[in-house]
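For the protein sequence lines, the chains are A and B, in the order given.
Just so we're aligned, residue 0 is where the first sequence starts under numbering that gives the first Met the number 0, counting upward by one.
Just so we're aligned, residue 0 is where the second sequence starts under numbering that gives the first Met the number 0, counting upward by one.
Source of the hints: derived by calculation from the structure; they are not laboratory data.
Each hint should be verified, as a subset may be incorrect.
Pairs count within a copy or across copies, as identical chains cannot be separated in the list.
Unchecked claim - With a Cα cut of at most 30 Å, we get these calculated DSS-like pairs of lysine-lysine:
| no. | residue 1 | residue 2 |
| --- | --- | --- |
| 1 | Lys451 | Lys491 |
| 2 | Lys549 | Lys292 |
| 3 | Lys470 | Lys451 |
| 4 | Lys303 | Lys292 |
There are 2 protein chains.
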Amino acid sequence: MTKTAKNILFIMYDQLRFDYLSCAGHPHLHTPNFDRVAALGVRFSRAYVQSPICGSSRMCFYTGRYAQSHGAEWNGFPLRVGEKTLGDHLRQAGMDCWLIGKTHMRADLEGMQRLGVDPDSIIGVRTAECGFDVWVRDDGMVPEGPDGSYDGRVSPYNEWLKQQGYPGDNPWSQYANSGIRDGQIAPAWLMENADRQANIREQDSETPWLTDRALEFLDEQAASDANPWCAHLSYIKPHWPYIAPAPYHDMYGPNHVPAPLRHPCELDNPHPVFAEFAMSSIGKSFQRDETRKKVIPAYMGLIKQCDDQLGRVLDHLEATGQMDSTMIVLTSDHGDYLGDHWMGEKMFMHDASVKIPLIIYDPSSRADGTRGSTCDELVESIDLAATFVEAAGGEVPTHWIEGRSLQPFLHGETPEAWREFAISEYNYSLTTAAARLGVSDEDARLFMVADKRWKLVHFEGGFRPMLFDLKTDPEEFTDLGSSPDHADVIAKMYGYLGQWGRRQSQRGTRSAADLARMRGASRSRGIVLGAYDENDIDADLIAKYTGPAKADYRS
Amino acid sequence: MTKTAKNILFIMYDQLRFDYLSCAGHPHLHTPNFDRVAALGVRFSRAYVQSPICGSSRMCFYTGRYAQSHGAEWNGFPLRVGEKTLGDHLRQAGMDCWLIGKTHMRADLEGMQRLGVDPDSIIGVRTAECGFDVWVRDDGMVPEGPDGSYDGRVSPYNEWLKQQGYPGDNPWSQYANSGIRDGQIAPAWLMENADRQANIREQDSETPWLTDRALEFLDEQAASDANPWCAHLSYIKPHWPYIAPAPYHDMYGPNHVPAPLRHPCELDNPHPVFAEFAMSSIGKSFQRDETRKKVIPAYMGLIKQCDDQLGRVLDHLEATGQMDSTMIVLTSDHGDYLGDHWMGEKMFMHDASVKIPLIIYDPSSRADGTRGSTCDELVESIDLAATFVEAAGGEVPTHWIEGRSLQPFLHGETPEAWREFAISEYNYSLTTAAARLGVSDEDARLFMVADKRWKLVHFEGGFRPMLFDLKTDPEEFTDLGSSPDHADVIAKMYGYLGQWGRRQSQRGTRSAADLARMRGASRSRGIVLGAYDENDIDADLIAKYTGPAKADYRS
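Can you make the complete structure from the sequences, with help from the hints?
As structure tokens, this is what we get:
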């Protein structure tokens, strides 16, 4: 019997670098469970996110559309009411779409009110939750400052911690994301504390907690007569605050920290926008050796914990006989500079930030020929929405979803005219860097356009571009953006960017099938153009307009 | 006392060329009422529509957004639910927004159903009617062919004609838009009939009928305690079918028909897309002298009728003392080739098609210095939405409306950094030309980018561009698109087009004020990035994360 995927387990980590997995070549970090999925599936080596920041990147994943198309260009930009999501498309194909974890979705409450969408109706809840049915939503971020709470939502994880007896209002902050020093809370927000043991039982920490919720979901679905489902299991880790519970807090040490991927030439006459980012407080922190020596082992420990918890999920699927019917996807919303290129965080266009791990296991027999292989084609995060719709048996709505199904690569086929370039965008208008650079909201935006050889970064506001030769300089040290010898390359990359900018991204009310149906149809519905007399037109097209004049109204 | 506009009368004609008015220099057509408004206001000599086809162009006017931004790129493409319209913006500023006539709006019924918008609710009706409250809607197009009716809507005008005793099911077709020949209906769809007298009493024809509705509207508003209003008085004429009632049918004759603006060099090695359009049946018809000699006098007669009816409106405003409180706008949704450039209809990028008449009378005292003047700056149809919001006392929502207020030009001020280029788009994927050229839906699109000197037309699908020098060749005869001497100009125009393609057009859920409020705010809500230790951070920003550890959960 031919096996096919019935369900989709769409697992996302947050801020997981593409190269911090053993299957991707990390020298010290051993991730046997990621590798186990890679051995069963295809690992994509050139997968880019459409925006290297959580909220915007995720809206791209969840809509299958570029950030410029859906407009949610930064954290906290609500996804506009009426944007179609994975949930809309999958449900149309008969597949449920569930959320277990983080989305970073902000509801467009103003738009919902304007259109009279009741927030308590099913339509309203799904609209507010980015199209998902919520098994559990926890964005994994419960910071608080002098002006109050960052998120404002109740965190189910935090509430659960309180039920387990963790004291205080915010055990997420004071236990899961803090250690102890001299009897005092040692918050992981201060990176000197990253090497401490998180003050939480390992099984109570965020990654196992969410895994438990996922296993409950799997059991409940298996026990019911449920529709096929896509479940978005979406972890907050290894996202900062960087601190790990035992035993992960001391599995790795400074001797496992790779040398930073940076070169003094990067700071020699640097691009002004890059320089502003690198010289931000986070950049300067990660330029310090002690930051990297504390943070990176914690980051690795958190990934190791993710791997172990992934093992629990895989074991559960195997034990319940679901491996043959479940497509498994492992990916991340963006990377983490970790000091590479003199930078911290993400939000710029080097591979450390914009490239993601992407591993897809398709249980279908048609994928048997590609198991354990690597695909080096240019892949975008928006391709997953198309892939999932196709896996659900639907037809990809190309008038909404801008990504393309990866199924051909999973099935060892060569897709027709695969993309020649990948795009990523970052809107930094809300950062203090924009203010320091003195650029307007409109100009505080940058775009990456990359083919397999070159990566160009375009900046609005009159700055020169940056250019990297990914073949001769895979480390992206040498910025050729002002090299006269590369004018032709730069022109070619701008040609790609221009082509992308002219795309149709808002034709959502007319599908390709609609167009085929409509083409030329107005003529047979009475629009007779170009006819001078009856010799120019078929009789049936003019028939409605002829006959005896029954009355003469000419004065 | 300083006068200001209380109300806005936004009058649109359909397919009215920019140069078929005496105030715009037409040698034979005398339009004293258009000229009367021009003498009171500002006439814009470089006003472009964002798409030279009714439906798409109108959606640009009514949203203040480019066609690529709202996605309604052809007739019959529904305006996506959630797109904000003039009505949304004006009502927010306390001004009602009424429709009297045509919009060409197609409701996004699928989107409304998806979001649970009740079509019978006020929200639903406004969503379906492009944001307008409907005084009367009549799209002025009731054709019928072997496959049925083009529009499908009930035409109030047609119903009214029946009430007046006009026989048959479709007096719009058989009387208003037909003459008589040998006792038979002589439909104006056959252009040989364009010189006949329409078989209708003049006062019953479309333009006076709609004017009567407008005068009723004015009276009712004046008699009530109504809010300030914007009324879109939107005529179908002088749009085809070309035929005029007496006395307009024979006011002009072949001797008033200007020579066609065309040159044999245009057909010498022509651009393949242009050639396909010019060699369509409508193009070939208008290449025949007899077509122009029949059609153009009828077209002029219809405009003359529009002018007389405009006179009734102006007289009514004067008689009721409303001229001092009513902004009056005269414009069109696109032009008409009428045989220029070997073409008929519109839907291409020469001035005959893409340039529109635009006259704005602002009763405000601040406009006294500009009365009777001409403005030669680059103006786009999307600017009207911004102009109206400003006239209504609102703040232009730049995160929705892409046009800019024309008020500075009306008030004799110099706006800051006015646009350097204008854009127009045309999606021809639904035409038979696309099939003949063998281009895909995605590639069947063309873009105009024009500054005051140059006009470049870009074609998707690998074609070369067209380029015209508007200074040395204002007739647009000489296509320089393949001229090596103009490579720099072409590059510059592509630079503009690229800049336009990268704009933010979908940031509707975040206003400029939102951005200002949000900038840097996450830090004081607990997102502490870049701090290695307490020396790197203000104490208040880390205060929430400190204190005694109440319990030790480290195993």
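Verification of the hints:
1. Proximity of Lys451 and Lys491 under a CA criterion of 30 Å is satisfied in both settings, with 13 Å inside one chain copy and 27 Å between copies.
2. Proximity of Lys549 to Lys292 under the C-alpha cut-off of 30 Å is restricted to the inter-copy arrangement: shortest distance 29 Å between copies versus 95 Å within a copy.
3. In this homomeric assembly, Lys470 and Lys451 come within 30 Å of each other (Cα to Cα) only inside a single copy, at 8 Å, whereas the closest approach across copies is 43 Å.
4. Taking the shortest Cα distances, Lys303 and Lys292 sit within 30 Å of each other inside one copy (17 Å), while across copies they are farther apart (82 Å).
Of the hints listed earlier, there is not a single one the structure fails to meet.
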